Amino acid sequence: MDQHLEVFIKVVEKENFSKAAEELHMTQPAVSQYIRLLEQSIGSRLLERNNKYVRLNKAGEIVFHHAKEIITLYTKMQTLVDDLTNKAGGTIAIGASYTFGEYILPHIIAKMKEQYPLIHPSIRIQNTKEIIDLVKKHQLDIGIIEGFYENAALNSKVVSKDKMVIVASPLHPLLSVKREIRISDLEEETWILREEGSGTREAAENLFRRYDFTPKNVMEFGSTQVIKESVEAGLGISLLSSWAIKKELTNGYIGIINVNGLPFKRNFSILTPATYQTKALQTFIEILLTYLSDPRKNRF
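With our numbering applied, the sequence shown covers 1 to 300.
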């Protein structure tokens with residue numbers, strides 16, 4: 001049945017029987033036969049098709065949603081059995097929120113591939129809310145998020161503290177002020193923030209609540225890199241992770257405003273389904289924890 005589901009998923013993703021057959025190295029009639037047998041087994045038609053398109057109907061949407069979870073769990077089951085006799089290897093689906101995924105995760109992956117070449121990671125970088133959802137749906141083996149999330153169906157563990165600072169263009173007048181700035185002094189500034197659902201946006205809102213502060217002018221972007229470029233260009237100020245600005249600080253592209261009470265600290269946490277972990281996943285977590293515990297990596 002798992003192969004029938006794999007064929008079904010591929011047809012849905014490609015929206016075409018011929019393209020699915022080509023990618024699966026099968027003939028089109030064979031693909032059609034798999035879909036027909038799956039529909040007979042389910043007891044319902046799953047796809048609406050004509051000469052131009054293949055689309056899911058309501059029953060197909062239900063099967064497609066659960067088929068992806070079933071295939072993921074089947075693969076994990078097989079990997080766990082293989083782990084009993086083999087060393088760490090196989091695939092890991094890793095998800096990370098933007099700050100961790102863009103500025104920290106690549107170094108951890110490089111370290112893992114150097115030591116364990118048989119582990120093959122696939123990476124998803126999305127905002128914190130989306131990563132949590134994918135872990136809950138078993139579409140990720142592990143999610144690394146900003147903040148902390150508690151859920152009975154998931155294991156959650158804080159793995160590091162992230163120091164966040166307020167940054168501005170190197171020409172910003174507040175950078176030359178000798179005294180410590182109060183956050184209330186920044187009320188008239190334009191704040192450049194991430195989108196709703198982002199861990200970095202949540203951190204900024206937590207900071208504002210802590211100091212009972214509401215910025216008058218806010219610009220919103222969906223990328224930390226765009227925010228850094230905008231700050232450098234003098235469009236406004238922002239609250240960003242110290243991990244995300246190391247290169248810009250070194251090169252003098254942005255500066256840190258010396259604000260009373262900062263840096264603001266938040267957590268980086270890992271989320272995993274509350275089931276058995278493959279040897280490959282355990283290995284990845286061990287390397288991640290070792291990397292984050294190195295004071296040379298985390299100094300600021």
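In case anyone wonders, no lab produced these hints; they're calculated from the structure.
If you're wondering where the values come from, they're calculated on a predicted model, not measured in any experiment.
It is possible that part of the hints are untrue.
[Claimed, not checked] Below are the DSSO-like pairs computed for lysine-lysine, each with C-alpha atoms no more than 27 angstroms apart in a straight line:
1. Lys163 / Lys246
2. Lys10 / Lys111
3. Lys163 / Lys68
4. Lys161 / Lys68
5. Lys10 / Lys137
6. Lys113 / Lys246
7. Lys10 / Lys161
8. Lys136 / Lys52
[Claimed, not checked] Computed beta-carbon distance windows for the label pairs:
9. Gln282 / Phe148: 17 to 25 angstroms
10. Ser184 / Gln225: 26 to 34 angstroms
11. Gln282 / Gly234: 27 to 35 angstroms
From the three backbone atoms N, C-alpha and C, an ideal C-beta is built for every residue, glycine too.
*Falls inside 17 to 25 angstroms, the C-beta gap from Gln282 to Phe148?*
holds, 22 angstroms
*Please work out if Lys10 and Lys137 have their alpha carbons no farther apart than 27 angstroms.*
Given pair Lys10, Lys137 holds - Cα atoms ~19 angstroms apart, limit 27 angstroms.
*asked:* Tell me if the straight-line CA distance from Lys113 to Lys246 falls inside 27 angstroms.
replied: Judged against 27 angstroms, a Cα distance of about 24 angstroms means the pair holds.
*Hinted pair Lys163 and Lys68, Cα distance within 27 angstroms*: violated, 37 angstroms
*Please work out if Lys10 and Lys161 have their alpha carbons no farther apart than 27 angstroms.*
violated, 40 angstroms
*Does the structure keep Lys136 and Lys52 at a Cα separation of 27 angstroms or less?*
At roughly 35 angstroms apart (the allowed maximum being 27 angstroms), Lys52 and Lys136 break the hint.
*Take the C-alpha atoms of Lys161 and Lys68, compute the straight-line distance between them, and say whether it is at most 27 angstroms.*
violated, 34 angstroms
_Between the beta carbons of Gln282 and Gly234, is the distance compatible with 27 to 35 angstroms?_
violated, 47 angstroms
_Holds or violated: Lys163 to Lys246, with C-alpha atoms at most 27 angstroms apart_ = holds, 12 angstroms
*Mind checking the alpha carbons of Lys10 and Lys111 for me, to see if they're no more than 27 angstroms apart?*
violated, 33 angstroms
*Take a look at whether the Cβ-Cβ distance between Ser184 and Gln225 falls inside 26 to 34 angstroms.*
Distance hint for Ser184, Gln225 holds at roughly 29 angstroms.
Violation of the numbered hints given earlier is confined to hints 2, 3, 4, 7, 8 and 11; the remaining hints are satisfied by the structure.
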